[in-house]
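Visitor: Build out the structure end to end from the sequences listed, making use of the hints.
Protein chains in written order, with the numbering used here: chain F, 1 to 248; chain R, 249 to 332.
Hints in this document: simulated from the structure, not taken from any laboratory. Note that beta-carbon positions come from the ideal geometry of N, C-alpha and C, so glycine has one too. Certain hints may be false.
Claimed, not checked - If you want a taste of the chain F side facing chain R, the calculated C-beta under 8 angstroms gives, among others:
| # | residue |
| --- | --- |
| 1 | Ile15 |
| 2 | Leu30 |
| 3 | Ile33 |
| 4 | Ile39 |
| 5 | Val44 |
| 6 | Lys50 |
| 7 | Leu71 |
| 8 | Gly81 |
| 9 | Ser176 |
As the list claims (entries may be wrong) - Covered, in the sense of this in silico footprint (three residues per stretch, anywhere, with C-beta under 8 angstroms from a C-beta of chain F), are these stretches of chain R:
| # | segment |
| --- | --- |
| 10 | 252 to 265 |
| 11 | 281 to 295 |
| 12 | 324 to 332 |
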Amino acid sequence: MSLALAVMILLIVLIIAALAIYLIATIVQLIKINKGLAIVIGSVGEIVQKTAPVNGVVDAINGNLVAGRNLLENLFLKKGGDDCGGLVESLFPGEGQKFLNRVGRRGPVVNTGVVYTRGTVILASLGRGAPIGAAHAKGPAVRDPQYSTTAASMLYPRPGGDPKARPKSPVVGSNSPRQYEASSTPGVRPRQRDGSEAPPPSESTGRVEIRQPEQPAASAPPPADSGGGGEDAGPGRLNVKGKRPWER
Amino acid sequence: MIYLWVMDIILIAALFILGGLLKGVLGAAKSIVPRIDAIAGVAAAASKDLDAVVVLLTTQNYISQIVGSVANYGGSLDVALPDA
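Guide: As structure tokens, this is what we get:
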């Protein structure tokens with residue numbers, strides 16, 4: 001055997017040995033990768049299983065929210081009219097024109113919050129006596145947009161009045177600072193309206209009695225005849241037409 | 249005889265080239281393993297986090313009720329407020 005042939009055989013053996021070593025090591029690593037992927041696939045399967053109903057639930061939630069949004073927008077368009085874009089602009093600057101485009105309306109967007117302070121338009125539409133209530137809906141703004149806040153504060157300087165000067169709620173009950181004398185005859189008026197002594201109450205019979213009204217004084221004008229003509233007016237107060245309050 | 253020596257030289261070159269290539273494949277395979285382990289940990293954590301997805305059903309119910317209340321409120325406003 002020549003030397004060249006022996007070297008060739010040695011080289012071939014070395015190549016085969018290197019192939020075997022590296023390929024076996026690679027196979028071992030691939031086995032580890034396979035085991036790891038098996039674990040990952042299990043977790044991914046759980047993820048897929050748990051997220052399966054999310055699409056339907058989110059779609060249902062989105063449908064409900066869209067329905068609510070459409071409802072409120074339609075109500076807003078119905079009540080706000082041409083001012084709806086300006087109202088949206090006042091609350092969300094830059095969104096008024098987008099809102100109009102989305103609902104298919106066109107027109108200028110006037111920031112209502114600049115022209116009117118927040119709540120004034122509502123008060124005006126509710127008829128609370130704001131001075132813009134008469135003409136604001138159709139005409140231009142009657143208040144200065146630059147000093148609208150001052151104007152609003154002049155309109156309602158302190159809602160409810162000065163809290164210090166505001167009368168407090170009366171204290172009722174046993175702890176009331178103003179105690180009234182206990183009535184010896186509950187339900188019976190001790191004095192007449194003019195301050196005179198009232199007649200002593202009759203003994204209770206357990207029945208409700210209707211007291212006849214006092215006869216008018218001689219100087220008082222006689223009551224007018226009712227529609228019946230000459231018919232006695234009977235008990236009860238008569239109005240200027242000579243009729244009882246429940247008669248029209 | 250010269251051909252044998254030439255073949256020997258070629259085999260030596262092939263040995264080095266083959267060894268380099270196989271070393272690269274082995275290194276790539278070894279680098280995949282820790283990443284697979286990391287992905288497995290993340291997937292397990294994500295799967296555990298998704299246990300709260302069931303709450304979405306409750307949220308859906310709540311949103312449905314809220315939208316119903318808003319609808320009723322809008323109906324009341326429609327009656328209470330005048331049209332533009």
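Visitor: Count the residues of the segment 324 to 332 of chain R whose CB lies closer than 8 angstroms to any CB of chain F, then report whether that count reaches three.
Guide: That given contact holds, which follows from 6 residues of the segment 324 to 332 of chain R lying within Cβ reach (below 8 angstroms) of chain F.
Visitor: Checking hints one by one. Is F:Leu71 an interface residue toward chain R, by the C-beta closer than 8 angstroms rule?
Guide: OK, holds: F:Leu71 within 8 angstroms of chain R, min 5 angstroms.
Visitor: Do the numbers back the hint for F:Gly81, that is, is its least Cβ distance to chain R under 8 angstroms?
Guide: holds (2 angstroms)
Visitor: Given a cut of 8 angstroms on the nearest C-beta pair, is the interface hint for F:Ile39 held or broken against chain R?
Guide: holds (4 angstroms)
Visitor: With a cut-off of 8 angstroms on the beta carbons, see whether F:Lys50 makes it to chain R.
Guide: For F:Lys50, the interface hint holds, since the closest Cβ of chain R sits about 4 angstroms away, which is under 8 angstroms.
Visitor: Count the residues of the segment 252 to 265 of chain R whose Cβ falls closer than 8 angstroms to any Cβ of chain F, and tell me whether that reaches three.
Guide: Coverage by chain F holds for the segment 252 to 265 of chain R (8 residues, Cβ < 8 angstroms).
Visitor: How about the segment 281 to 295 of chain R: do at least three of its residues have a C-beta closer than 8 angstroms to a C-beta of chain F?
Guide: Three-residue rule met by the segment 281 to 295 of chain R, so holds; n is 9.
Visitor: Does F:Ile33 pass the interface hint, meaning its C-beta sits closer than 8 angstroms to a C-beta of chain R?
Guide: Holds: closest Cβ of chain R sits about 5 angstroms from F:Ile33, inside 8 angstroms.
Visitor: Quick check on F:Ser176 please, does its C-beta sit within 8 angstroms of some C-beta on chain R?
Guide: violated (38 angstroms)
Visitor: Against chain R, with CB atoms and a cut of 8 angstroms, does the hint on F:Leu30 hold up?
Guide: This interface hint holds because 6 angstroms falls under the 8 angstroms limit.
Visitor: Tell me if the interface restraint on F:Ile15 is satisfied: Cβ within less than 8 angstroms of some Cβ in chain R.
Guide: holds (5 angstroms)
Visitor: Quick check on the hint: F:Val44 CB to chain R CB, less than 8 angstroms?
Guide: holds (6 angstroms)
Going through the hint list in order, the structure does not satisfy hint 9, though it satisfies all others.
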